[in-house]
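Enquirer: Chains A and B, in that order, are what the protein sequence lines are. To convert, take the position in the first sequence, counting from 1, and add 891; that gives my numbering. To convert, take the position in the second sequence, counting from 1, and add 89; that gives my numbering.
Some hints here could point you the wrong way.
[Said to hold, decoys possible] Derived EDC-like pairs: lysine to aspartate or glutamate, alpha-carbon spacing no greater than 20 angstroms straight-line:
(1) B:LYS271 x A:ASP1054
(2) B:LYS266 x B:GLU227
(3) B:LYS636 x B:ASP650
(4) A:LYS975 x B:GLU264
(5) B:LYS616 x A:GLU1065
(6) B:LYS271 x A:GLU1063
(7) B:LYS349 x A:GLU1065
(8) B:LYS266 x A:GLU994
(9) B:LYS414 x B:GLU598
(10) B:LYS156 x B:GLU377
(11) B:LYS247 x B:ASP334
(12) A:LYS1058 x B:GLU147
(13) B:LYS266 x A:GLU998
(14) A:LYS975 x B:ASP302
(15) B:LYS344 x A:GLU1065
[What the hints assert, rightly or not] Some residues of chain A that are not near chain B, with every Cβ distance over 10 angstroms (derived):
(16) GLN934
(17) VAL963
(18) SER964
(19) GLN966
(20) PRO973
(21) PRO982
(22) PRO984
(23) GLN1014
(24) PRO1018
[As the list claims (entries may be wrong)] If you want the footprint, here are the derived chain B segments under chain A, 3+ residues with CB under 8 angstroms:
(25) 267–281
(26) 338–349
(27) 626–640
Quick caveat, the hints were computed from the structure, so don't treat them as lab data. Only a predicted model underlies this, so the values are computations on that prediction, with no experimental measurement involved. Ideal Cβ positions, reconstructed from N, Cα and C, are used throughout, including at glycine.
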Amino acid sequence: MIVERKELTLLEKTYLPGIAQGIRITTKHFIDTVTGRRKVTMQYPEEKWTVPDGYRGAPYLVKDQEGRTKCVSCQLCEFICPPKAIKITPPGPSVNSALGGVEKCPEDFEINMLRCIFCGMCQEVCPEEAIFLMRDYSLTGESREEMIYHKDKLLTLGGTHQDAIQKWKKKESEAQAQAPFH
Amino acid sequence: MAEIASQKAPADTPPPVEMVRVRINDMDVDVPKTHPDPLTGKPVPTTMIQACEQYGVEVPHYCYHPKLPVAGNCRMCLVEYGLPALDRNRQPILNDDGSPKVQKMPRPAIACATPISPGMEIYTDSPGTIEMRQSVLEFLLINHPLDCPICDQAGECKLQEYSYEHGQSESRFVEKKVHKPKQVDLGPRIMLDDERCILCSRCIRFSRDIAGDDALGFVNRGSYNTLAAYPGRSFDNNYTLNTVDLCPVGALTSKDFRFKMRAWFLKETKSLCNSCGTGCNTLVGTREEVIYRQEPRENNAVNSSWMCDYGRLNYKWQSSENRLKTVTAMRGDIREVLNWSQLLGEIIPRLQRFQPGQIAFIGSGQMSTEEVFLFKSLAEKMGGLVEAYSSSGESDRLLLNADRLPNTNGLRIHHFTTSGQISPSSTHISEGIKKGAIKALFVIREDVTAHGISIDLLESLELLVVSDIHRTPATDVAHYVLPGAAHFEKRGTFVNVKGRIQKFMKAVEAPGDARPEWEFLHEILHKATGQNGFSTIEGLFNLMAQKVSALHGLTWASLGDLGVQIEIPDSR
């Protein structure tokens, strides 16, 4: 496609109307800012930006309404993580019955927030809806070790997820409801 | 006449197997009429699944296993088939072009248990077959818990694979699933999850027919059909972990591997078991320099598809705290850490200071064949007495051998010991030290204090060089300690009790400063004799094969993955 260039009028060729328009806009901004009609600077960090819905911040782990750790240590997020920020220590063969029907949950779950690129692959791949990218975007620490978040910290930061399925609870109650047969 | 002649043929030459022409989908193929039975070896009619397998046509299956008797209970291998049509006089009906007319059978058959017959047509990808597979899978998944995120089998699960390839994406089952027992403690090494079991009975058949310990069976009926050990019996024979390999789903799990690592992270390395002389072929599963499991690798000349639990779980010593990780020398009462070049610079002149006969060399059946070759060459150069000891335990009727060293025959092919014997202990070295005739000892991979040479005798030596992988009483008093590498940490060969030379590959790095023995032996030999000729294990093996009569004509490459049978001289 060929775009035809419009021939400029004589007035336009002098650039004077353009300069005048520019000066008008600049003057308007200047007056608005000086009189306080418009604010352009946010007083960060005292003032924080409100992140929009669907924002992808730092990934944290969640618990269900009754406090069960949702993560089952399947290690798919560890597998998919592009910067290799996640490291999971699986629990091994010992059975911990204190977990309310939970068969498996990680011994430790580390996310290196210095490596994490907030891409959201972990959330997408998680079969248990146990990890979510939340609204935190500014993480700070005084050492590298501090920036590797472990399981307890991730669960505290992640909080509770209103889980519609509650699979461990469902399994346990279904098994209890059925007639014993063995 | 021909029939009579074939009957009179001697029994040790099997008669030529008659071939049968069948058609698999659109492919005309010739298949032997019989196959040897997996247990008895007697010829039994070839089944459809064997014919398909021979020509690379996949028939999905769960209960069928080529090494086990046929059960035919999973129904996954259902296929449609056709047979030549016969008229009322039992004569074949011909098409217009003269070919026999094939009539599709009204009902399908299980490919694992239906023998082939001449002119049969097998349809593995007809619409009916595909629909049947889908339906069988739907039934199998009715009570399956879909535990994949926590199941150890995920990633190598036949139920996952076939659901993906042949199943449906959604479940139509709206009723409640039957919940069967979970975390059932079957035995010391096996944990059972009955919900995941698809009742294929492979484990039952293996335990009964191969392991000879009929410990498992099904109880209850219908949806409540459950795998269980007989009441009051523990499933604890020495082959239980093979049922974990056989289990097509994640029902039988190894307590040793359970919830330790996901299968897709494991790097699998072809290796050998070093726990006895049988030399079972293995796959070592590792991730980030940690060994997570050993599994048998099929080799029909050695271990079929199995290995014993004792050998399979005998890998933890590789990562023990007791490993030697530094090169050390005794300076007075203080043990000083050296590097390899310092150490080699010191010990070679010290070894050369002794007269022939004043120095003795003690090797071990844990050394690889190449290391034995180098050590023997060094001993011949220095003119010393050479000794190695045997180690034995109880054998069983299947795989575990009484000889608990992986490479006793590797010592034999090099005529390693001066006496020609390999016995649990001997006195001529301890006598020699007592008399003062032997003043120096070079020991590799052997705790000599367990074989009749006491600590006092070792302390009286002028020079004691010990290479081992673990700390032993002998390494505590040695003048020089050379940390060696486990067979997981290097490449090499072992010769098993039946005289099969087999390769093992490197799965993990040796810890700290530890090095493969063949590397430092090569350097010592090179510096002591000025002879060189190889810098890799391939070159070393090929050189050894030229010099050792039992290995003539072999090369590292010609060993392949499954090894080569050789003649063992003087196999007493």
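Enquirer: Indicate, hint by hint, whether the structure satisfies it.
Expert: Against the structure, the hints come out as follows:
no.	hint	verdict
1	B:LYS271 x A:ASP1054	violated, 24 angstroms
2	B:LYS266 x B:GLU227	holds, 13 angstroms
3	B:LYS636 x B:ASP650	violated, 23 angstroms
4	A:LYS975 x B:GLU264	violated, 41 angstroms
5	B:LYS616 x A:GLU1065	violated, 74 angstroms
6	B:LYS271 x A:GLU1063	holds, 11 angstroms
7	B:LYS349 x A:GLU1065	violated, 28 angstroms
8	B:LYS266 x A:GLU994	holds, 18 angstroms
9	B:LYS414 x B:GLU598	holds, 12 angstroms
10	B:LYS156 x B:GLU377	violated, 34 angstroms
11	B:LYS247 x B:ASP334	holds, 12 angstroms
12	A:LYS1058 x B:GLU147	violated, 36 angstroms
13	B:LYS266 x A:GLU998	violated, 30 angstroms
14	A:LYS975 x B:ASP302	violated, 46 angstroms
15	B:LYS344 x A:GLU1065	violated, 27 angstroms
16	GLN934	holds, 45 angstroms
17	VAL963	violated, 5 angstroms
18	SER964	violated, 7 angstroms
19	GLN966	violated, 5 angstroms
20	PRO973	holds, 16 angstroms
21	PRO982	violated, 5 angstroms
22	PRO984	violated, 4 angstroms
23	GLN1014	holds, 15 angstroms
24	PRO1018	violated, 5 angstroms
25	267–281	holds (count 7)
26	338–349	holds (count 5)
27	626–640	violated (count 0)
Checked against the numbered hints listed earlier, the structure breaks hints 1, 3, 4, 5, 7, 10, 12, 13, 14, 15, 17, 18, 19, 21, 22, 24 and 27; every other hint is satisfied.
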